[in-house]
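Engineer: Protein sequence lines, in the order shown, are assigned to chains A and B.
Counting in the working numbering, the first sequence runs without a single skipped number right up to 341 at its last residue.
Counting in the working numbering, the second sequence runs without a single skipped number right up to 562 at its last residue.
Watch out, some of these pointers could steer you wrong.
Straight-line Cα separation of at most 27 Å, DSS-like style, residue types lysine-lysine; simulated pairs [stated by the list, open to error]:
(1) K239(A) - K170(A)
(2) K340(B) - K116(A)
(3) K91(B) - K79(A)
(4) K79(A) - K239(A)
(5) K266(A) - K239(A)
Estimated spans, in silico, between C-beta atoms of each pair [unchecked claim]:
(6) P483(B) - H263(A): 51 to 57 Å
(7) N421(B) - G40(A): 53 to 59 Å
(8) P38(A) - A457(B): 27 to 33 Å
(9) D341(A) - A396(B): 57 to 63 Å
(10) F482(B) - D28(A): 36 to 42 Å
(11) D196(A) - R478(B): 33 to 39 Å
(12) S363(B) - S39(A): 40 to 46 Å
(13) E131(A) - N421(B): 56 to 62 Å
Hints are computed from structural coordinates only; laboratory data are not their basis.
Fair warning: this is a prediction, and the values are worked out from it, not measured in the lab.
Heads up, the beta-carbon is just placed ideally off N, CA and C, and yes, glycines get one too.
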Amino acid sequence: MPVQVQLDSLHKRFGDVHVVRGLSLNIDQGEVLCLLGPSGCGKTTTLRMVAGLEVPTDGEVSIGGTRVSGPGLFVPPEKRRLGMVFQSYAVWPHRNVIDNVAYPLVLEGRGDAQEKARAALEQVQLGGLEERYPHQLSGGQQQRVALARALVAEPQVLLLDEPLSNLDAKLREELRDEIRALVKRIGVTVIVVTHDQEEALSLSDRVAVMNAGVIAQCASPQDLYHRPDSRFVAQFVGKLDALPAMALGGGRVRVGELEIQAHACKGAPEQGPCELGVRPESIHFAESGLPGVVQAASFLGSHVRYRVQGQGWQALVDGEAGHSLGDAVHLRPQAGIILGD
Amino acid sequence: MRVWLERVGLGRLVVLGLSGLLLLVFVGGPLGVLLIEAIGAGPEVWSGALGSSVNRQAAVHTLQLALGTLAFTLVLGIPLGWLFGASDLPKRDTWRALCTLPYVIPPYIGAIAWIHLANPSSGALNKLFGGELFNIYSVPGMVWVLGLAFTPFIFMAVASSLERMDPTLEEAARISGAGPLRVFFGVTLPLSLPALASAASFVTAASAASFGVPYLLSTGAAQPRWVLTTRIYQALDLAPATGRPLAVALSVGLLAIGVGLPALGRLLEGSRSFTTVTGKAARGGRWSLGAWRIPAQAFVGIYATMGVVLPLGTLLATSMMGNLGGGLALENLSFDNYVKVLTGDQAPHALFNSLILAAGAASAGVILGTLVAYLRERTNTPGRGFLAWLAALPYAVPGTVLSLGFILAFSQPISLILAENLRFTLDLKDTLWILGLAYMVKFLAFPVGNARSGLLALHPSLEEAARMSGATWGKALRDVTFPLLRPNLIAAWLLVFLPAFSEITMSILLFGPDTPVVGTLLFNLQAYGDPPGAAVLAVLVAVLVLGGNLLARRLSGGKVGL
Numbered sequence: 001m002p003v004q005v006q007l008d009s010l011h012k013r014f015g016d017v018h019v020v021r022g023l024s025l026n027i028d029q030g031e032v033l034c035l036l037g038p039s040g041c042g043k044t045t046t047l048r049m050v051a052g053l054e055v056p057t058d059g060e061v062s063i064g065g066t067r068v069s070g071p072g073l074f075v076p077p078e079k080r081r082l083g084m085v086f087q088s089y090a091v092w093p094h095r096n097v098i099d100n101v102a103y104p105l106v107l108e109g110r111g112d113a114q115e116k117a118r119a120a121l122e123q124v125q126l127g128g129l130e131e132r133y134p135h136q137l138s139g140g141q142q143q144r145v146a147l148a149r150a151l152v153a154e155p156q157v158l159l160l161d162e163p164l165s166n167l168d169a170k171l172r173e174e175l176r177d178e179i180r181a182l183v184k185r186i187g188v189t190v191i192v193v194t195h196d197q198e199e200a201l202s203l204s205d206r207v208a209v210m211n212a213g214v215i216a217q218c219a220s221p222q223d224l225y226h227r228p229d230s231r232f233v234a235q236f237v238g239k240l241d242a243l244p245a246m247a248l249g250g251g252r253v254r255v256g257e258l259e260i261q262a263h264a265c266k267g268a269p270e271q272g273p274c275e276l277g278v279r280p281e282s283i284h285f286a287e288s289g290l291p292g293v294v295q296a297a298s299f300l301g302s303h304v305r306y307r308v309q310g311q312g313w314q315a316l317v318d319g320e321a322g323h324s325l326g327d328a329v330h331l332r333p334q335a336g337i338i339l340g341d
Numbered sequence: 001m002r003v004w005l006e007r008v009g010l011g012r013l014v015v016l017g018l019s020g021l022l023l024l025v026f027v028g029g030p031l032g033v034l035l036i037e038a039i040g041a042g043p044e045v046w047s048g049a050l051g052s053s054v055n056r057q058a059a060v061h062t063l064q065l066a067l068g069t070l071a072f073t074l075v076l077g078i079p080l081g082w083l084f085g086a087s088d089l090p091k092r093d094t095w096r097a098l099c100t101l102p103y104v105i106p107p108y109i110g111a112i113a114w115i116h117l118a119n120p121s122s123g124a125l126n127k128l129f130g131g132e133l134f135n136i137y138s139v140p141g142m143v144w145v146l147g148l149a150f151t152p153f154i155f156m157a158v159a160s161s162l163e164r165m166d167p168t169l170e171e172a173a174r175i176s177g178a179g180p181l182r183v184f185f186g187v188t189l190p191l192s193l194p195a196l197a198s199a200a201s202f203v204t205a206a207s208a209a210s211f212g213v214p215y216l217l218s219t220g221a222a223q224p225r226w227v228l229t230t231r232i233y234q235a236l237d238l239a240p241a242t243g244r245p246l247a248v249a250l251s252v253g254l255l256a257i258g259v260g261l262p263a264l265g266r267l268l269e270g271s272r273s274f275t276t277v278t279g280k281a282a283r284g285g286r287w288s289l290g291a292w293r294i295p296a297q298a299f300v301g302i303y304a305t306m307g308v309v310l311p312l313g314t315l316l317a318t319s320m321m322g323n324l325g326g327g328l329a330l331e332n333l334s335f336d337n338y339v340k341v342l343t344g345d346q347a348p349h350a351l352f353n354s355l356i357l358a359a360g361a362a363s364a365g366v367i368l369g370t371l372v373a374y375l376r377e378r379t380n381t382p383g384r385g386f387l388a389w390l391a392a393l394p395y396a397v398p399g400t401v402l403s404l405g406f407i408l409a410f411s412q413p414i415s416l417i418l419a420e421n422l423r424f425t426l427d428l429k430d431t432l433w434i435l436g437l438a439y440m441v442k443f444l445a446f447p448v449g450n451a452r453s454g455l456l457a458l459h460p461s462l463e464e465a466a467r468m469s470g471a472t473w474g475k476a477l478r479d480v481t482f483p484l485l486r487p488n489l490i491a492a493w494l495l496v497f498l499p500a501f502s503e504i505t506m507s508i509l510l511f512g513p514d515t516p517v518v519g520t521l522l523f524n525l526q527a528y529g530d531p532p533g534a535a536v537l538a539v540l541v542a543v544l545v546l547g548g549n550l551l552a553r554r555l556s557g558g559k560v561g562l
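Isolated chain B (complex conformation) (with noise of 0.2 Å):
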């Protein structure tokens, strides 16, 4: 025993012990449970799931929510991907960089503005054209709002498979014989697959398991399509302790539809995985457009105006309106909602919780994430590899399922009796700490996997060489490991914080009276009453993630952010 210690060294074995215990008691803890208790549940349970018709029907929304953006997006994904990565559309970069915004923007922001937009009884869409033209409280009208958030990484994935792709491939099939078209199918397309179909299967588990939007395109609505997602908040919600079989019954429904699914189209894409990416070779020739410059620039200016300038300037306008139903007149148009908005009670109280939360889970993901990623990479611990999986699994459940699981293992106290007088008592509920350690927990995937790809790029001898030189491990990891992985691990500190600033999907489950975040209160001021202050709050997230994502992009040399 004592030549084991000695071996792996004390210091290390607390460390890297304490990390995977905290991996296994905050994201096998929540998994766990609600695997137990799905397991549990009786068969009145799930005879009282299926028996109710709103259950039936919320789960053919979600099928129909996730199915209809995956096709919304690959509809306008690929073309404007094409149009990026492989044309010489006209100003390509200032385009691209205007339709790459919605990726940014938490997609509820948009069905906020959308609801000023296109709600059937006061649009403005609705009023401009006379009549209700146009229902946003709509499963289409869902399928538009995610779909024009999430067509972005359909774009990106085909765009940067497409001008990463060696030119050599393109060329020797026109050698070969091959028209441009017949080129684009047969060789082009296929080629960029793998990365359209990781794209997109994200998309589909991702509108699966979205709830800020359902969920605000439900509240307001004379008949509400209630989706998965937003029917586990109801049952919780309503029923906080009866509800909760429910909600475990529906979880399930919704983690074989948002997980599921993918899953089933990965299978079918099969593992298929070409060397397409060279590095070295940029796209030599692009493909000339011609006449059809004009209408192709038409086509990206109307995604651009739909997903990004529309909603944006809506929200601006919205949000520095003193009375909604006047119009955009100058003497109508102030700054005074900001005023009430920031010097009332709630807004400052949740944008410092959100603050402190989204700051706190960043900075404990990255320490934490860095060191399942050392344990991963650079020791052969038994389970190391459990480990590493568990904390990117988080990433891939649904948020809800997420949160649901955080309120079945820790919504009561938990008491750890070592001794008489030595007790840890864990407690909490409607705290600070469940929020942040949800956010931890599901985010966590990024410091994970920014500090492997790190370690990766970092030979081993590297630390080696400061041990040799005299250093103690811990020594050696803060003179050598961790500078050098300091640019991976400043962009995983902001790809944690940005999400979970704005975070709504488990905030809504999880927040107490005392510990409002931005998303709960913005959401609260949208569905009881003060649009415009909804869009204040609204401008100013998007305004600091756009911020944050541009400071990413600088600190991390382009690796992460806009």
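In isolation and in its complexed conformation, chain A is listed as follows (with noise of 0.2 Å):
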């Protein structure tokens, strides 16, 4: 697949504050990449680079082999055949839904834009509702509108900047997987701005994880999860908790009486006393293991998450119900990840 979005040791300075700093990231053609991040990490303001509503302080952006900005050059963002979708989803309150979406079509002077509109329209459901206005829609109805008009007139690459977080949970699992197949239908690039992890992994083909700027890791969601390259990654992608452990070269290590093969961090130690990182699912109740005792149990309808507590760590357990509180128990990991610095 070729590249369609290249970012080169981009920067942006806000007076004081440098909130991007030389972030580097190739996107191809029909990819969905997902910048996820803490808020404050410059994952926003780099969609915004993109889409050419903030201006770099240095570094290069291309789209479609073209750049757009660098040095001496600055492409305003009405040229760049983009499609974003904001968060407050910015459907124009003055405007009736097909206006709305066909708005793009209209500036391009295209005889057929009411047409196009209202194929966009059916693409994401809303057929029939051409004549309301934005108020008589809900949420979720005016997320699908600004994402008709983002989409309507073919962009190179879709932005969208935290698209589901104004939805109630619901609703936004329902619009995230029907994101996902009406984008792949299209074949459209896009690039998703989120904090939500769990969007993140289930919407998108590679996460770029940003922290203070850069990037911290560009991979598969699989890949991410299971094999972090670093502790913020592996903590900030999924639960995580740690154990004492003991690294025994080769990625095995010894955990209580366990032995195990584990995923290594980049800066893990060979050797010696180190922290095994463990999710909720891949660690089980046992007859022998480490010993711990339950000091608190939700039940979460499929099935209850413990709170376990041994000596110098504490890790939360995913099991059937039938401990209680104060229960001695036994835990046995069954994957991990030794963590580095």
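Hints given; two lone chains; assemble the complex.
Structural biologist: This is the structure in structure tokens:
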């Protein structure tokens, strides 16, 4: 796949604040890439630099093989042929649904703006609501209008800024699957910004985890979850608890009486005392193993999540109902991550 | 340079740069020249100004007028505010609407009415009671007229802060064991203090800066009581050129009182801001007046009579009288005066000028104000804070001082020679332009403020979404930002148009032989022998501003206007 968006050592300063610090990233055509990170990590600023809504302090941006921003060059947002969905949707309250969606085509002077806009609305399942005004729509419907408007002019790249954060949990999941199916059907390149790791993992082909203005790791959701490069990524993506362990070399780790094979982060000790990160679903109750005491239990519907306290550690464990507070239990980790610094 | 231009956008640079330039020339220019003149004034100017007992007295009168009006409005306004905002006064809304009328009618209209009612020789009230009981040509007379006109500012501030106050704050005090009076003085009043303080400082500043009322109440007097604004006018009127240094010196004194006094008040009050405005909680219970209902209604009724019914009735009657001495007999009343005024040469000309000027100033002010607000809220241009401050400054400067600045800056032609055949000449003296520019500058604070609050309520992504859809900056403004700001901008337009239409303070200093406006004509008629004609114009002005305010209220969804 050819590279569709290329970011080359991007920097952005707002006064004294250095928000993006030399970020480089390639995004392939048709790929859904997610920028994930805690608030203030520079992910939205990066997206806005791709959009042309922020001017990079340094570095280059290319879209579809054409440089749009760099030394001596800045292409304004309206000339970049992009589509964008904003966190607040930014559906214009003084225009009805069809006029919102048709606007990019009207600006291009296309005669078939209305028909194309109608087709785009069908695509996001809003057929029949053309004449409504935004205040007559639910949050989810406004979101779909914004999506249709962003896609109607067949942009080179679709930019999504926290697209689902204003929706309730159930709708969020539904729309997430729908967006993924839609963009894959069209084959458009997508950059999504989110702070929600579940959203990032389920929506994207690759996730770039950002921290303090740089990319900590860019990988597939599976790699990110099971084979993180660093302690930051391991802890930011998914739940993780650290158990005291002993590295034996070659990824072998002894934890309590057990010996297992684990993934080692960059900078993890090859041998000697270490911390083993474990996910709640890869550690189980057993007859023998690490001894601990049940401290808390929360019923989550499909299972119960227990908090178990051991000597110098505590861990979340998913299991069947049946353990009570104060019960002495044994834990057996199945897999883990040897954490670095 | 080229890249920088591309980033900012050429159109954007030109439009925003031009608005900054206009602001610097027409706001910074007059005020800057005035400042330079004041700093450059030699000791002989100051000793000349301070040596004259008339000037010293004028300063004293201004101080008396400002503080007297403040006291008057507080004494009337706080009880009225409480009655409207927190009590169960019967027919509250009707009373309130009636009592709010002086808020929109220019105070000089009240002065004209009270001259008919209480001038010492032939005032209707003096005749009624026999003798020279009332003398409106005095500082107390001025306080009376201005106080009646400015009382709504106080009661509106008090009433609205009481209404929007979270009722649980008072309830908590009641539960803690405080009685009703203690709750009022211990909780309610202190919580409405910030709103009250800002209204009070406005009243002080506006009274010190008022020109129309003290002027009308001095010109016909046997012993005129000059204040600083009227002295400045005299100095410029009697000796247009040589009077300027004196006018500048007096302006410094006026600024000290008109701007310094309210600022001092704010300092004493401190920068306390309570979050009493919740916006959600409407006042739950109202205090029951019980047997006090009747005296309370009488109190409100007296204010409504003195502030609205009596003056407007007097003007209406005067405007219809064939013979001023003839009284209210039916055969003495007709619309002949209206026909005479409206078919003469003077009034149509002045009305036309005022309409053009007010509409022009409002339109230009809204455009410039919106761009300044955009510059302030939507860009990171260096100096944007200064420009927004500069745009709001003239409203705080007394009109007399501002127009003195315009005279100093623009009364000679200014030529800007760029090249041999390329020169701009700005010759504004005695033109409609200087009046229109002065109006726009004076009231620019309204459009800037309205547009800023509109922009703050508008998420930037609405405009960005248009850019991402392929719209240039200008197109995004036209298609998205401006349409969404429209209610704010219409309200701002009327907020400039209405006071500009009936403006007198600046007009009287800046109008020329061919550029009479409604205010100057009205003052001429009143001062030089045609009181019925003046009354006709006054009634027309009152009707127009009332109608305009009702329109403003409708168009802005209740945000501005009556």
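Engineer: A separate judgement is required for each hint: does it hold in the structure or not?
Structural biologist: Here is what the structure says about each hint:
| no. | hint | result |
| --- | --- | --- |
| 1 | K239(A) - K170(A) | holds (21 Å) |
| 2 | K340(B) - K116(A) | violated (65 Å) |
| 3 | K91(B) - K79(A) | violated (61 Å) |
| 4 | K79(A) - K239(A) | violated (42 Å) |
| 5 | K266(A) - K239(A) | holds (19 Å) |
| 6 | P483(B) - H263(A): 51 to 57 Å | holds (56 Å) |
| 7 | N421(B) - G40(A): 53 to 59 Å | holds (58 Å) |
| 8 | P38(A) - A457(B): 27 to 33 Å | holds (29 Å) |
| 9 | D341(A) - A396(B): 57 to 63 Å | holds (60 Å) |
| 10 | F482(B) - D28(A): 36 to 42 Å | holds (41 Å) |
| 11 | D196(A) - R478(B): 33 to 39 Å | holds (37 Å) |
| 12 | S363(B) - S39(A): 40 to 46 Å | holds (44 Å) |
| 13 | E131(A) - N421(B): 56 to 62 Å | holds (58 Å) |
Checked against the numbered hints given earlier, the structure breaks hints 2, 3, 4 and satisfies all the rest.
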